[in-house]
Structures are given as structure tokens and as C-alpha cells.
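> Given chain A, work out where chain B should sit, using these hints.
In order, the protein sequence lines correspond to chains A and B. Residue numbers for the first sequence follow the numbering used here, beginning at 290 and rising by one. Residue numbers for the second sequence follow the numbering used here, beginning at 7 and rising by one.
Treat each hint with caution, since some may be false.
[Claimed, not checked] One side of the interface only, derived from the structure: several residues of chain A facing chain B at Cβ under 10 Å:
#1 328
#2 345
#3 442
[Said to hold, decoys possible] Reference listing, derived: stretches of chain A covered by chain B, where coverage requires no fewer than 3 residues with Cβ under 8 Å from a Cβ of chain B:
#4 346 to 352
#5 355 to 367
Don't read these hints as lab results, they were simulated from the structure. Built from N, CA and C at the ideal position, the CB exists for glycine as well.
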Amino acid sequence: MTTTAYPQVRTLEEFQTQPDDYKLAIRKIVRSHAINELYGARVFDEPAIAFAPTPYAKWLTCRVAMEEYGHHVRFKELGEQVGLHEADMLPGGDKRPLSIFEFELKSWAEFCVIKLLADLAEILQVEDLLHCSFHPLRNLARMTMPEERFHAQFGEDFSKDLIETEAGRTAVQDAIDRYYPLLPPFFGRAKSANNAAFRQFGIKQRTNEAMREDYVGRARTLVEDQLGLTLPIAA
Amino acid sequence: MTAAPDSLAAVHRHGTQLARASWFAAVGEPLTAGERDDAAIYLAGVAFTATPVVGVAGWPQASELLRRPGWDERVWDNEEEHRRRLLRQATAIHGEAALMTALTAVSVAASDLVHGAAAIAATRGGTADETLTRVAAGAATQACYLAALATAARDPAAEPPRANDDDHPFHAKYRLFAGGRWPLTIADDHFYIF
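Same shape as in the complex, but just chain A (with noise of 0.2 Å):
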């Protein structure tokens, strides 16, 4: 792990006296989370309740997607204490969300493996937060650690309740051969310019390489491990 000197930015205030540098990286990451946790509701969570076998199911995804949209606003609040504007952290603007996205969701299965899989891509993203300098940002991101967790556990509980067919099993390993190989990429490319100015400034904590590394072992435990399946070789 990094670790950094930078000082810690502890209020507003104090955000406004730092680098412009400083201010563009934390209202980058501010905006992606902003994006991609309104969008991840839009395209997955609110379809997959009507894919919700039981009204257990049902209005349990119905919560995870109001979850996700709350993370959508806590991070717009702090994009607009930050700088940004409000049409700036919407879809649909200059910005696009992220390839996990472009996956269509046709079937409860799939959801399941989503929330399992990209559910703990997001867990490592906002780990990687959870000692930023800037405070906002890092108490917005143990706010938000509970809610991710449990998306995934949900995940890997709906998972595990489908995979006792043999229907299931094999609609689980589908949309796991279908999906993982879209979440590696999630992290970025190695060497990249922002991570590095990211860990410059103490607000994350590893490279991309080093999150993709972990994240895949992460991944393979519990689909290997956890769930009896495969895990594919992504690319």
C-alpha cells in the first residue's frame, strides 16, 4: 500500500484552499461515483425488481435500489459543496457511465451475479476511500461501506438459493461466464495518470493493478470457493 504525506483536508473550507490539482481529482471522483451510482440503479436495480421472484425478493431489491439512489444524492450533495454542477453528475452529459453498464439484464440470475460481482468491485472502490484526506469524501465513504456490503451479500445469498437446482446452477454460471469478464477493465488502465495524482494526494490508496490483483482473487474465492463455480479468465 501507498501511503502519503499529503496533509489531510478535513472541511471545506480547507478544500478551498488546496491545488487546483487536488480540487479536480476529488471533483472527478466525486462526479464518477455521482454517475455511475444513479445510472447502476437505472439499468439494474429498478428493472430487476419486476425479475424479483417473491415479494421478499421484490421488495428487498426494491431497498437496494433506493439505497443506490441515495448514494446517487449523498454524492451529489458533496459535488455541489465541491464545485460541480447538478446536470454534471447526471447521466447522460459528456461523461459516460461506466462499460459495466452496458450489460442488458434479462433475468433474476443475472442480477444476482451484478450484485455479487460488480456489488464487490464497488466494495474495493470505496475501501480505497475509507482513509482519503479529504474527510467529506471519506465519511461519505464509510456511510455508503454497510449498504455496498450488503448489496453484495445479497448477491451471494440469492446466488447461493438459486444454485440448489440444477437450473439455477447452470443460469448462475451463465451469467458469471457472461458478466466477470466486463468487471477486470472496471478498474482502470495500469499506469494511469489519474490514479497516480489520486495517490499523490492521499485520496486513494493503491494503483489500479494492485485493486484489479485483489479484486480477482477476491472474486475467485467466492465464486470458487463460496459457490462451487467456475470463474472465467477474463481477458
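The following block gives chain B in isolation, referenced to the frame of chain A:
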């Protein structure tokens, strides 16, 4: 698009009244006559007239009923049909952006409020099931959203004013939640209310 500030103002008022509701405070108690009346309004609205109403005594029974695979999915489909129709009507009255902003405000206000109330009620009921309290919160938040949508779809210019706006099944369902109940599901030709 027709501006209709009155019905959106009613949606905003709906949002401000959420904190005064008795979320999950009466679960497990015997059903009152007024609650049975609201259940009957709801059932008639979702095309399940004359379905017997049954009280549910505890959180474990509620959880089991909600997970039961043999539930009657037509009730969900019928609610969805209402929801889509109301959404079309309300969008035509207010425009998509204003409507979404108003409904989102209600849902966000409800979300944390009902989750805390469900957790407290479950603890009082001897249950520490974090997932079940989230299920309860999801159900209550959805009921708030649907009731707000039904309110938004009222046409304030309608002549004569409709006397039975509160008879919409989404308002009846919301009243059950606001009175501390949790309408669970229709299964085995019975409507189960916790």
C-alpha cells in the same frame, strides 16, 4: 404539458407527513374494523374483491409468507398496471422532470425513516434480522411512492371534483402502512396483513 401546482403541492405535503406515521408500530396486533375497510378498498382496487383478510402474528411468520413461492403474482401485476397508468396521467399533467423530482423527494424522505422504524419494531418483536427489516423498508417506501404517484395523477381541473380520491388502492395501502401495519401478500386466496 399542463401546470398543476395543486396536486404536486399535495405530493410535497405527503412527503412532509411521513414522519407522523406509525410505521410498523401495530404489526402483530388484531386488525381493527377501519383497517379491514382499507384492506377491502385495496383488494377491490387490485381485482381481488372478497378475498378474506388474515392477520399475521409475528415477524417469523411474516418472513415465511413473503418467501413462499406460491404467492399470487396477479396482485403485483395489477399494481403495476395501476402504476403505469398513473405515471402516464401524472406525467401528462406535470411533465416528467417535475414529477420525478417530487416523487423522488417522497421516496428519499421515506427510505431512511421507515428503515429505522422497521428495525425498532423488529427488535421489539424479538427479531434481529437485518435483511427482513430492509424488506419491510422496501415495502413501505414503495407504498409511499405509489400513494404519492396516485396523488400526483389527480387532475385538479376535473369537474366535478372527485369525491373518492382516497379510495384509490394505493392510498388505502398507504393508510395501512401509516397506521403501523404491513400488508404482506396474497397467497392461498387470502390477504395477509402483519
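> Decide, hint by hint, whether the structure agrees.
Consistency of the hints with the structure:
1. Among the interface hints, the one on residue 328 (chain A) is violated; its C-beta lies about 15 Å from the nearest C-beta in chain B, farther than the 10 Å criterion.
2. Hint status for residue 345 (chain A): holds, given a least beta-carbon distance of 4 Å to chain B, under 10 Å.
3. Given hint, residue 442 (chain A) at the interface with chain B, holds; its Cβ is 8 Å from that chain's nearest Cβ, closer than 10 Å.
4. With a cut-off of 8 Å between beta carbons, the stretch 346 to 352 of chain A has 6 residues touching chain B; three or more are needed, and the interface restraint holds.
5. Counting residues of the stretch 355 to 367 of chain A whose CB lies closer than 8 Å to any CB of chain B gives 5, so the stated coverage by that chain holds, three being the minimum.
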